[in-house]
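Protein chains: 2
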Amino acid sequence: MSKNQLADFKTNLSEWYNDVVLKAELADYAPVKGCMVIRPYGYALWENIQKFMDVLIKKHGVENAYFPLFIPMSYFEKEKEHVKGFAPELAVVTVGGGKELVDKLAVRPTSEMMMYDLYKKWFGSWRDLPVRINQWCNVVRWEKRTYLFLRTSEFLWQEGHCAHLTHEESIAEVQWAIKMYAQTYSELMAMYGIMGYKSESEKFAGGFKSITFETLMPNGKSLQSCTSHDLGQNFSRSIEWSVQDATGSKTMPWQNSWGFSTRSIGGLIMSHGDEKGLVMPPNIAPTQIVIIPIPGHNTALSKATEIQNNLNNYRVKIDDKAGETAGAKFNKWELKGIPLRIEIGDRDMTSGTVIICRRDTSEKITVKFEDLSKTIDKLLKDIQQKLFDKHKKFTIDNTFKADSYDEFKKIMETSRGFISAFWCEESECEAQIKTDTKATTRCLPLDAIEENGKCVRCGKKSSHRWLFGLSY
Amino acid sequence: MSKNQLADFKTNLSEWYNDVVLKAELADYAPVKGCMVIRPYGYALWENIQKFMDVLIKKHGVENAYFPLFIPMSYFEKEKEHVKGFAPELAVVTVGGGKELVDKLAVRPTSEMMMYDLYKKWFGSWRDLPVRINQWCNVVRWEKRTYLFLRTSEFLWQEGHCAHLTHEESIAEVQWAIKMYAQTYSELMAMYGIMGYKSESEKFAGGFKSITFETLMPNGKSLQSCTSHDLGQNFSRSIEWSVQDATGSKTMPWQNSWGFSTRSIGGLIMSHGDEKGLVMPPNIAPTQIVIIPIPGHNTALSKATEIQNNLNNYRVKIDDKAGETAGAKFNKWELKGIPLRIEIGDRDMTSGTVIICRRDTSEKITVKFEDLSKTIDKLLKDIQQKLFDKHKKFTIDNTFKADSYDEFKKIMETSRGFISAFWCEESECEAQIKTDTKATTRCLPLDAIEENGKCVRCGKKSSHRWLFGLSY
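So the protein sequences, as listed, match chains A and B. Heads up, the first sequence is in our numbering, so the first residue is -4 and it goes up one at a time. Heads up, the second sequence is in our numbering, so the first residue is -4 and it goes up one at a time.
Okay, chain A solo, but in the shape it has when bound (with noise of 0.2 angstroms):
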């Protein structure tokens, strides 16, 4: 246990994770089972991550609108292999106005059959595409356990669901949408990934082909951080939904959907964390530098304010809670992974300069008042980039090549992470290498070459190395 009562982070990953949610108050269990409740501190940087996002989504020309909650049952039974998907994992409302309802509701777990079935009302003309349109909203898949934000029956996320023409324009797509996401993470949240083509198995029910974001955890564990699903003209043709082209014919649109969800947030406190607690990277960190006024000297604390003042750029919070010395606020704001911390005390006031602490390396620097706005626009930029660099660096590192099954087996039970290796593509081999290891395929990555290989597990002739690890 570290100083902020925390489960060691090194040997004991998950336990670390539940401690710090629950202590740096990011989120907590819900009475309901399987439902969290997202915390202010939680849910400011899902406000972030919206805010990012939403101009990127925006600039695209996709337009924002909301659709019901309420899924009829029979939609889902339109697309076969959508229903089978979703269809273990629905809350169903079944009692409505103190009526039993004749038509049961889904209460959504994604809404392409909700939004789909008005596109076909809405838009009958080639003229009308292509549609983009996204949803911030709620969903729900039904979970027994809570794993706090990386798994729990009610979740928050977007969902931008496109109609093109032509598939081109639907995989240009579907391909912008994946590069939009690796952006928010690396840009915002400090995160490096994987992106690439999930396996048959591994793709979305009822989809044609998923483009997923994979990132490694320190724990080796891959988390599927986000995903971009081709659905060729799958869910046209189940609902019927066709337009007129130009010369008058009828044509299915080609259909994609992309989503992105609070899921996120757990990869983010794995990805940057630490013993002491969160390590918020600063362009997310909803305070960026938290001042510390010494309890019991003087001056500090309108010091303190003069110097918020000058910070006005920058998120910043003053700590002068009575009642509390100064290493108890130390370790507070260790926890919630704060960036900067300024500490001042009446010496600092004689000498004109002030302590900055940096969160991520411990490392103190005195810098003089005059110096002070460059000195934190210099650090804040710095955090950022080597976060991100350590976890890219981590990643890479952690990604070994196996070219027997023999090795992807000693891998898996020894260092874990990714695992590049060769694959027949067969969903037999598939689910034999996960009955052996554990380890499922996690992508295909975008940018993988041609090869001659062999398939790690059966030796049949395969082109491409595949990215396999244990999964969240």
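Calculated directly from the structure, the hints in this document are not laboratory data. On a predicted model such as this, the values are computed, not experimentally measured, just so you know. Just so you know, not all the hints are guaranteed correct.
Identical chains blur together in the list; that is why a pair holds if it fits in one copy or across any two.
Using 20 angstroms as the maximum straight-line C-alpha spacing, the simulated EDC-like pairs for lysine to aspartate or glutamate come out as follows [claimed, not checked]:
| no. | residue 1 | residue 2 |
| --- | --- | --- |
| 1 | Lys28 | Asp98 |
| 2 | Lys312 | Glu58 |
| 3 | Lys139 | Asp98 |
| 4 | Lys174 | Asp23 |
| 5 | Lys115 | Glu235 |
| 6 | Lys28 | Asp112 |
| 7 | Lys429 | Asp442 |
| 8 | Lys369 | Asp112 |
| 9 | Lys376 | Glu182 |
| 10 | Lys324 | Asp123 |
| 11 | Lys405 | Asp341 |
| 12 | Lys405 | Asp431 |
| 13 | Lys54 | Glu42 |
Given chain A's structure and the hints, the job is docking chain B onto it.
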């Protein structure tokens, strides 16, 4: 029928309303009874409300969070009046993950019971107060008939929930909230309304006192446009939440809650609309200016783009859609209520001018290129102010004093509007007035003065004039 195929605004407001919501693509009916889809143009209004209000909420020290959608049925039963009020409107989940649930779950109609249970868990000391938490979310109150925006089974809102050490502080918060709402209505939505106390029969189920903001619609009906509730200690008593005060003894927190929903958009539509369709106040308008290069005029489009670039402080759209006449474009944007339309043809290029048309007055103004930005700034401010003034004047002109029951009845039969009348504050009289005239108590205005009056129905001594009206 107008040229935009709307029912008559003056004689058939309710059909005009449905027509305009559907045709301007603000919203549509959902396949589930009572539910609606908020389309991009309608959702952009909600986004602008969120943006405006969220700043005010945060400035006041309220933090955003997210609480679960599902509330165990047993929670509702803790507060007797609360469950009585909401039970008939609940949607209930009885199946989750393929299994019948032992504990049935209500889809939240409001979050008092869920949030306060967690407040009790989190906050045990007076040092933790005040608690100020808000959430933006969806809620469900079962409806059989959909009245787009105004009454739907699912709607979007924000709900603020605060807890204080004293009743005074809590009352101050209730007042702050209703004033913050009134500010949003006036500054953003150009709407005037009356703040006042609800009667005992109309107050929030389980609360102590409710304050409403009532706005008057063109047909003389009153719309309860948002509410702020003083909950007293009712809920802390029901859930047995007490905190230790500074002296070490236990005290129950004083609570309040306040909500503002997508219903407000219904009020916005009716308050400013006219026979041609929507009229958007510039501050909330998703598009403030539409530029229409006259089809077939060669240089118009490049000039339109130049103008759009110069007007980058405003929300501007160019409509260069092929295959539509200028007239069709004019109608389309009039229907959507865009505050200003700029027309550009070849002739304008020669003369160095453009024509601006105001949506609210239909006035056409010829403006030199170089004066455009200045003129637009002035025009948008003027439209915003004029729309507010007009709605205020309408409300005042349609507020009638009734000093006898005959007068009261006559007003209800002819002109409708707000009726200002003495009432003894007995629920029996209130019920009888409703039976006789359909009018309900709307509110006791916050600024009502004490007078010596007699109840308009029973003649008993009454000290205040209440507002009565026909409600939505």
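Consistency of the hints with the structure:
Taking the shortest Cα distances, Lys28 and Asp98 sit within 20 angstroms of each other only across copies (10 angstroms), while inside one copy they are farther apart (26 angstroms). Taking the shortest Cα distances, Lys312 and Glu58 sit within 20 angstroms of each other only across copies (14 angstroms), while inside one copy they are farther apart (35 angstroms). With identical chains, the CA atoms of Lys139 and Asp98 are at most 20 angstroms apart between copies only, with a shortest distance of 14 angstroms across copies and 26 angstroms within one. When the C-alpha separation of Lys174 and Asp23 is checked against a cutoff of 20 angstroms, the pair qualifies neither within a copy, at 32 angstroms, nor between copies, at 33 angstroms.
In the homo-oligomer, the alpha carbons of Lys115 and Glu235 lie at most 20 angstroms apart inside one protomer (8 angstroms), although the nearest pairing across protomers, at 52 angstroms, exceeds that limit. For the identical chains of this complex, Lys28 and Asp112 are inter-copy neighbours only, at 15 angstroms across copies versus 32 angstroms inside a copy, given an alpha-carbon limit of 20 angstroms. In this assembly of identical chains, Lys429 and Asp442 lie within 20 angstroms of each other by CA distance neither inside one copy nor across copies; the values are 24 angstroms within and 72 angstroms between. Taking the closest pair of Cα atoms, Lys369 and Asp112 never come within 20 angstroms of each other, the shortest separation being 54 angstroms inside a single copy and 46 angstroms across copies.
Taking the shortest alpha-carbon separations for Lys376 and Glu182, only the intra-copy value of 11 angstroms comes in at or below 20 angstroms, while the best inter-copy value is 38 angstroms. In this homomeric assembly, Lys324 and Asp123 come within 20 angstroms of each other (Cα to Cα) only across copies, at 16 angstroms, whereas the closest approach inside a single copy is 57 angstroms. Proximity of Lys405 and Asp341 under a CA criterion of 20 angstroms is satisfied in neither setting, with 58 angstroms inside one chain copy and 76 angstroms between copies. Proximity of Lys405 and Asp431 under a CA criterion of 20 angstroms is satisfied intra-copy only: 11 angstroms inside one chain copy versus 85 angstroms between copies.
In this assembly of identical chains, Lys54 and Glu42 lie within 20 angstroms of each other by CA distance both inside one copy and across copies; the values are 18 angstroms within and 16 angstroms between.
Checked against the numbered hints above, the structure violates hints 4, 7, 8 and 11; every other hint is satisfied.
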